[in-house]
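Based on the hints, put chain B in the right spot on chain A.
Single-letter residue listing:
Number of protein chains: 2
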Amino acid sequence: MLVDEYRNVEESKVDMCGADGVSIRWLIGKNTKDAPFYMRHFTVEVGGNTPLHTHNFEHEVYILEGEGEMNTGEKTFPLKPGSFLFVKKNEKHQFRNLSKDIPLKFLCMIPVN
Amino acid sequence: MLVDEYRNVEESKVDMCGADGVSIRWLIGKNTKDAPFYMRHFTVEVGGNTPLHTHNFEHEVYILEGEGEMNTGEKTFPLKPGSFLFVKKNEKHQFRNLSKDIPLKFLCMIPVN
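Chains A and B supply the protein sequences, listed in that same order.
Take 1 as the starting number for the first sequence in full-length UniProt numbering and just add one per residue.
Take 1 as the starting number for the second sequence in full-length UniProt numbering and just add one per residue.
Keep in mind that the hints are not guaranteed to be accurate.
Intra- or inter-copy, both count: the list cannot distinguish identical chains.
Calculated cross-link-like contacts (lysine-lysine; reagent style BS3-like; alpha-carbon spacing at most 30 Å) [to be verified]: (1) 30 - 105; (2) 92 - 30; (3) 80 - 13; (4) 13 - 75.
To be clear, the hints were calculated from the coordinates, so they are not data collected in a lab.
These numbers were taken from a predicted model, which means no experiment stands behind them.
Here chain A stands alone, though its shape is the one from the complex (with noise of 0.2 Å):
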């Protein structure tokens, strides 16, 4: 049994090209031990955003706290704490934090690869 506190969690600046502003806890990741999954958090400052990318496995997401939107390069989705997503693999898709005051929180699963 693994009890923790997200801000426990040492938090690093995601350094990938198109990404601003954003940064990763893995909450449950390669050290937890026979995890099935990973749950990473994630932060995105106010005025940033995740890349537009694709990658050949699925996520699966939770918005905790903030206003953003997905855009997936043809449409935009709104979202707010209580959101949820399945992107499927290969599915463009980038988060954007659309408030002017506050981070944008989010939980994202990934499988094991």
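Here is chain B on its own, set in the frame of chain A:
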């Protein structure tokens, strides 16, 4: 791409021996094609608890709202928004709402079985 709000998802009572005041919403489940794991949203009413039980699959949990505790039968761990848990296969576990006035809400992800 699926984008929705948890409030839009049908809520049903958990009708399991030892569950008291517990309801579930399957945010990402069997109806979501190609989901690599499932995302459920639980609400435990004031005074309520999930059963003290075990099963042969893991839980990955994130506390969204409220105040409670994880009971393993031997130990308890306090829970609040921002707490996360990894419950291994066959580990005994029970969620209890300890607040006097608000529901305990959490996400619980499980493998596809």
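Outcome of the hint check:
Both within a single protomer and between protomers do residue 30 and residue 105 lie at most 30 Å apart by alpha-carbon distance, with minima of 22 Å and 27 Å respectively. In this homomeric assembly, residue 92 and residue 30 come within 30 Å of each other (Cα to Cα) both inside a single copy, at 26 Å, and across copies, at 23 Å. When the C-alpha separation of residue 80 and residue 13 is checked against a cutoff of 30 Å, the pair qualifies both within a copy, at 23 Å, and between copies, at 26 Å. With identical chains, the CA atoms of residue 13 and residue 75 are at most 30 Å apart within one copy only, with a shortest distance of 27 Å there and 36 Å across copies.
No hint from the list above goes unmet by this structure.
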